[in-house]
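Protein chains in written order, with our numbering: chain A, 18 to 369; chain B, 18 to 369; chain C, 18 to 369.
Source of the hints: derived by calculation from the structure; they are not laboratory data. Fair warning: there could be bad hints in the mix.
The list cannot tell twin chains apart, which means a pair is met if one copy fits it or any two copies do.
[Unchecked claim] Straight-line alpha carbon distances no greater than 20 Å define the calculated DMTMM-like cross-link-like pairs of lysine to aspartate or glutamate that follow: (1) Lys-271 / Glu-261; (2) Lys-61 / Glu-334; (3) Lys-61 / Glu-261; (4) Lys-271 / Glu-244; (5) Lys-216 / Glu-177; (6) Lys-61 / Glu-150; (7) Lys-179 / Asp-205; (8) Lys-216 / Glu-54; (9) Lys-81 / Glu-150; (10) Lys-216 / Glu-261; (11) Lys-216 / Asp-205; (12) Lys-61 / Asp-213; (13) Lys-179 / Glu-364; (14) Lys-61 / Glu-236; (15) Lys-216 / Glu-150; (16) Lys-81 / Glu-244; (17) Lys-271 / Glu-177; (18) Lys-179 / Glu-334; (19) Lys-271 / Glu-117.
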Amino acid sequence: MDPIIAIATTILTQIQQPTLAFLIGGMVLAALGSRLEVPEPVYKLIVLLLLLKVGMGAGIAVRKADLLALAVPALGAALAGILIVLLGRLVLLRQPGVSEMDGMATAGLFGAVSASTLAAGMAMLDGAGMAYEGFIGALYPFMDIAALLTAILLARMSAERKAARSVMPQGGVATMTMGQGGGTGHGDIMREILVDTLKSPAISALLLGLGLGLLARPEAVYASFYEPLFRGLLSLLMLVMGMEAWSRLADLRKVAHVYVIYGLAAPLVHGLIGFGIGLAAHHLTGFSAGGAVLMAVMAASSSDISGPPTLRAALPEANPSAYVGTSTGLGTPVAILSIPLWIALAEALIGA
Amino acid sequence: MDPIIAIATTILTQIQQPTLAFLIGGMVLAALGSRLEVPEPVYKLIVLLLLLKVGMGAGIAVRKADLLALAVPALGAALAGILIVLLGRLVLLRQPGVSEMDGMATAGLFGAVSASTLAAGMAMLDGAGMAYEGFIGALYPFMDIAALLTAILLARMSAERKAARSVMPQGGVATMTMGQGGGTGHGDIMREILVDTLKSPAISALLLGLGLGLLARPEAVYASFYEPLFRGLLSLLMLVMGMEAWSRLADLRKVAHVYVIYGLAAPLVHGLIGFGIGLAAHHLTGFSAGGAVLMAVMAASSSDISGPPTLRAALPEANPSAYVGTSTGLGTPVAILSIPLWIALAEALIGA
Amino acid sequence: MDPIIAIATTILTQIQQPTLAFLIGGMVLAALGSRLEVPEPVYKLIVLLLLLKVGMGAGIAVRKADLLALAVPALGAALAGILIVLLGRLVLLRQPGVSEMDGMATAGLFGAVSASTLAAGMAMLDGAGMAYEGFIGALYPFMDIAALLTAILLARMSAERKAARSVMPQGGVATMTMGQGGGTGHGDIMREILVDTLKSPAISALLLGLGLGLLARPEAVYASFYEPLFRGLLSLLMLVMGMEAWSRLADLRKVAHVYVIYGLAAPLVHGLIGFGIGLAAHHLTGFSAGGAVLMAVMAASSSDISGPPTLRAALPEANPSAYVGTSTGLGTPVAILSIPLWIALAEALIGA
Numbered sequence: 018m019d020p021i022i023a024i025a026t027t028i029l030t031q032i033q034q035p036t037l038a039f040l041i042g043g044m045v046l047a048a049l050g051s052r053l054e055v056p057e058p059v060y061k062l063i064v065l066l067l068l069l070k071v072g073m074g075a076g077i078a079v080r081k082a083d084l085l086a087l088a089v090p091a092l093g094a095a096l097a098g099i100l101i102v103l104l105g106r107l108v109l110l111r112q113p114g115v116s117e118m119d120g121m122a123t124a125g126l127f128g129a130v131s132a133s134t135l136a137a138g139m140a141m142l143d144g145a146g147m148a149y150e151g152f153i154g155a156l157y158p159f160m161d162i163a164a165l166l167t168a169i170l171l172a173r174m175s176a177e178r179k180a181a182r183s184v185m186p187q188g189g190v191a192t193m194t195m196g197q198g199g200g201t202g203h204g205d206i207m208r209e210i211l212v213d214t215l216k217s218p219a220i221s222a223l224l225l226g227l228g229l230g231l232l233a234r235p236e237a238v239y240a241s242f243y244e245p246l247f248r249g250l251l252s253l254l255m256l257v258m259g260m261e262a263w264s265r266l267a268d269l270r271k272v273a274h275v276y277v278i279y280g281l282a283a284p285l286v287h288g289l290i291g292f293g294i295g296l297a298a299h300h301l302t303g304f305s306a307g308g309a310v311l312m313a314v315m316a317a318s319s320s321d322i323s324g325p326p327t328l329r330a331a332l333p334e335a336n337p338s339a340y341v342g343t344s345t346g347l348g349t350p351v352a353i354l355s356i357p358l359w360i361a362l363a364e365a366l367i368g369a
Numbered sequence: 018m019d020p021i022i023a024i025a026t027t028i029l030t031q032i033q034q035p036t037l038a039f040l041i042g043g044m045v046l047a048a049l050g051s052r053l054e055v056p057e058p059v060y061k062l063i064v065l066l067l068l069l070k071v072g073m074g075a076g077i078a079v080r081k082a083d084l085l086a087l088a089v090p091a092l093g094a095a096l097a098g099i100l101i102v103l104l105g106r107l108v109l110l111r112q113p114g115v116s117e118m119d120g121m122a123t124a125g126l127f128g129a130v131s132a133s134t135l136a137a138g139m140a141m142l143d144g145a146g147m148a149y150e151g152f153i154g155a156l157y158p159f160m161d162i163a164a165l166l167t168a169i170l171l172a173r174m175s176a177e178r179k180a181a182r183s184v185m186p187q188g189g190v191a192t193m194t195m196g197q198g199g200g201t202g203h204g205d206i207m208r209e210i211l212v213d214t215l216k217s218p219a220i221s222a223l224l225l226g227l228g229l230g231l232l233a234r235p236e237a238v239y240a241s242f243y244e245p246l247f248r249g250l251l252s253l254l255m256l257v258m259g260m261e262a263w264s265r266l267a268d269l270r271k272v273a274h275v276y277v278i279y280g281l282a283a284p285l286v287h288g289l290i291g292f293g294i295g296l297a298a299h300h301l302t303g304f305s306a307g308g309a310v311l312m313a314v315m316a317a318s319s320s321d322i323s324g325p326p327t328l329r330a331a332l333p334e335a336n337p338s339a340y341v342g343t344s345t346g347l348g349t350p351v352a353i354l355s356i357p358l359w360i361a362l363a364e365a366l367i368g369a
Numbered sequence: 018m019d020p021i022i023a024i025a026t027t028i029l030t031q032i033q034q035p036t037l038a039f040l041i042g043g044m045v046l047a048a049l050g051s052r053l054e055v056p057e058p059v060y061k062l063i064v065l066l067l068l069l070k071v072g073m074g075a076g077i078a079v080r081k082a083d084l085l086a087l088a089v090p091a092l093g094a095a096l097a098g099i100l101i102v103l104l105g106r107l108v109l110l111r112q113p114g115v116s117e118m119d120g121m122a123t124a125g126l127f128g129a130v131s132a133s134t135l136a137a138g139m140a141m142l143d144g145a146g147m148a149y150e151g152f153i154g155a156l157y158p159f160m161d162i163a164a165l166l167t168a169i170l171l172a173r174m175s176a177e178r179k180a181a182r183s184v185m186p187q188g189g190v191a192t193m194t195m196g197q198g199g200g201t202g203h204g205d206i207m208r209e210i211l212v213d214t215l216k217s218p219a220i221s222a223l224l225l226g227l228g229l230g231l232l233a234r235p236e237a238v239y240a241s242f243y244e245p246l247f248r249g250l251l252s253l254l255m256l257v258m259g260m261e262a263w264s265r266l267a268d269l270r271k272v273a274h275v276y277v278i279y280g281l282a283a284p285l286v287h288g289l290i291g292f293g294i295g296l297a298a299h300h301l302t303g304f305s306a307g308g309a310v311l312m313a314v315m316a317a318s319s320s321d322i323s324g325p326p327t328l329r330a331a332l333p334e335a336n337p338s339a340y341v342g343t344s345t346g347l348g349t350p351v352a353i354l355s356i357p358l359w360i361a362l363a364e365a366l367i368g369a
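Based on the provided sequences and hints, a complete structural model is requested.
Right, dumping it as structure tokens:
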């Protein structure tokens, strides 16, 4: 019974964290019919600041890393992010009743990375005396952005296909909706969706932040403004998402079990994928045992920071009670509890 | 002449404090016809953040207090808040020319508590070597919220009655305005107003913050975001209220003397009420002499923090030049100057 | 070749500073067709906070200065600001293709002061062991506000004249646009424009901040809120201005050489004006050699802080790629590099 108590305690602690507490608070307000609202311009400001910050932090971390040593693990991290999303699509969209948007947003969030879970992993490795590379923090944007972009692209492509199919009977001019004449192929549509995604406010802000972090020297304004405001703005975003989630909770009733099972099992499967990639990097380039553990921790984690604002802005049709609920409520506790497992695996297969 | 100079100095210092200085600045801008404006969505954000912060701070304080020892003084504090508002209603609304909304808002603000006046009281007790309970900070939300809710409820009930009366002659369907058919009694209307008040954005945000502070662990985001932004956002709110107050200052010309007398006398009367309740708690539960002094200080003080945003959002018809001017310009200086009086009373009646 | 490398390095460092990096980032986003936007209410909030902060900081600095010793140098500083703008008007508006609004905004920005260039000057004087008055920081608002007000007044007066001329043929009722009957003279129109400028949101906020800094005690809220938020809000403003600048960059193609020459030469000419005024103050009142150097540094510098938000709000027709580009991209590096020149001049003409 001990592990169940441990899991219950971790879930309770997780619920009391501001992220989930504000989400639940927003749901309670909506349930009670409160007239509280966060005005649209304020919401846009919050998303802009959050994504600029996430991008800038990632850009600064990559700029300060040793790019040569970073190359192979970074490719591996991006690969892990993409694989997790593709796997999530395979598993979740096959379940009857799971909407395409909700499924892809959930897979994207589980592919993206939680910085705090990663920090917990580093702390445990320090405690266990297992060394890891200094550039690990710079790996996280590769997995994070690869997973989010893949999920958004796939979701929007399938929405486009669906729209095309529903328009077809009325004259076959489906591709017109993308602003092109007839006769465009599959590749063209995909390129258009990619360009359109990159121009969306959320991804633009994320990439702008990344570029500024990489090429400029925004450290001072990052430390004095974006970093201190971050947690607070995130709490407001969670409030908005909670209010919205409540009004759409009924949609999930029939498929709740799918998300519960996914939230509990996915972190373990994803961690194995990450660990496998870390192991391959170990044999290829001498990537450390601790590095492989942290690759597993990143893959097992699901994003509580970069993911929700990006997905909320880029896939507004997706239901936050599905993806944020599954990820923050179940995925994150399981990911944290599974860290010792990856350390044990590394000790067995690589040696400390 | 010395006390008059002391009062004048305190008033001058008070006017130079950001709270009142921004209020006056807003009035000057409006008087000069400036086109400066604070956009409505920004105003809503400010109120949301301020009230979340006030609620969260109160919730955290109550959560950390010893609830058993807190019970009797907390009831006493709530009682003091309600009594002060009822007394204010009796006194202010009887004056010809004082509008119902302005009178109730002023009474509410004088019933609510100033955290900085309370801090001044604690500092003076420390200086005088008089002990008090550690949970005193957790008493303040009870008096504060009880007073504000009572004032808002009473003001809205009487507005409802007035609206009903003015509709009556045209067919007696007054209660229809509350969305109910004929035949609803007094209690129903009161319940509806209470529910409606709780659903209002201001009270929702205050109660959400309270709930988060009590049940979750928002300390980190509170300290890194809500607390540092607080004074600054309040200064912006004061600017808005000052601009608004100017355009309505003329309404007050005929009744200014009422507010001046109330602002000077009320803190002393309210302090006596608070001291009496503290004395009763002393005899009932051994509440300390210092505790009784601080109960008097809280009752004598009028809110400069939680009150203005709550009242501005919940009673938009009330004129801020009446309630903020009376409270911050007169009530607070008198409350601060009267602290030694309560210490002397406690020494005489309870013993240090 | 050394000085060219030094200039190139300074320009590169300057481009990587958040101010210019966010401006360029905004231009890139606009060039790529991003749908990112900063909502209008948020933009208004940013300008309000920035200008309140600039005004308040200046007011606090003046309040803390010794007003008697300040008088002559302050008059000199204001004179320098006005002379620079008049000179800029003479030079820039004579160039074919330079729009009136762009030319006046650029002249205003070069008349206004960069606090960071001033700080660099103080650091170099400290290094050279050359003494200067403690109140120098309080001189800067005099030059800054005099230059900005002069530029805005002149730009709006000429816009008014142009509008009048274009209306004339249709019946000679030009002055009606200012809300007056026929027969108003030149002085009346100027007074109306002055009053109208003072009532504009930007100048109102600046003057309100100045008044609060001078007369109230906003130090606590200034240090806890306005100061920490400043650089971050400025980065957002630069983003907005960059996006806007891109869409209007084509306007500048034909006159780019004018701005390049002005941006490189003006700081040296302006520094000489400032040094001359400092020298006069030295002979009149014993103003120190270091003070004369810093007067030259202030005059040579162009505003990166107070100027852009003020001009953007007060002269929305002016093209930010002209004035911010010229000032931050060229004027500021030249101003910083020319500091040793003023120190050498002071040593030669005054003696350390």
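Against the structure, the hints:
no.	hint	verdict
1	Lys-271 / Glu-261	within (19 Å within a copy, 48 Å between copies)
2	Lys-61 / Glu-334	within (17 Å within a copy, 26 Å between copies)
3	Lys-61 / Glu-261	both (15 Å within a copy, 18 Å between copies)
4	Lys-271 / Glu-244	neither (40 Å within a copy, 42 Å between copies)
5	Lys-216 / Glu-177	within (17 Å within a copy, 40 Å between copies)
6	Lys-61 / Glu-150	neither (37 Å within a copy, 45 Å between copies)
7	Lys-179 / Asp-205	within (17 Å within a copy, 51 Å between copies)
8	Lys-216 / Glu-54	between (28 Å within a copy, 11 Å between copies)
9	Lys-81 / Glu-150	within (13 Å within a copy, 41 Å between copies)
10	Lys-216 / Glu-261	between (25 Å within a copy, 16 Å between copies)
11	Lys-216 / Asp-205	within (16 Å within a copy, 50 Å between copies)
12	Lys-61 / Asp-213	within (18 Å within a copy, 29 Å between copies)
13	Lys-179 / Glu-364	neither (48 Å within a copy, 78 Å between copies)
14	Lys-61 / Glu-236	neither (24 Å within a copy, 26 Å between copies)
15	Lys-216 / Glu-150	neither (35 Å within a copy, 52 Å between copies)
16	Lys-81 / Glu-244	within (18 Å within a copy, 28 Å between copies)
17	Lys-271 / Glu-177	neither (26 Å within a copy, 44 Å between copies)
18	Lys-179 / Glu-334	within (14 Å within a copy, 45 Å between copies)
19	Lys-271 / Glu-117	within (15 Å within a copy, 52 Å between copies)
Taken one by one, the earlier hints fail for this structure at numbers 4, 6, 13, 14, 15, 17, listed in ascending order.
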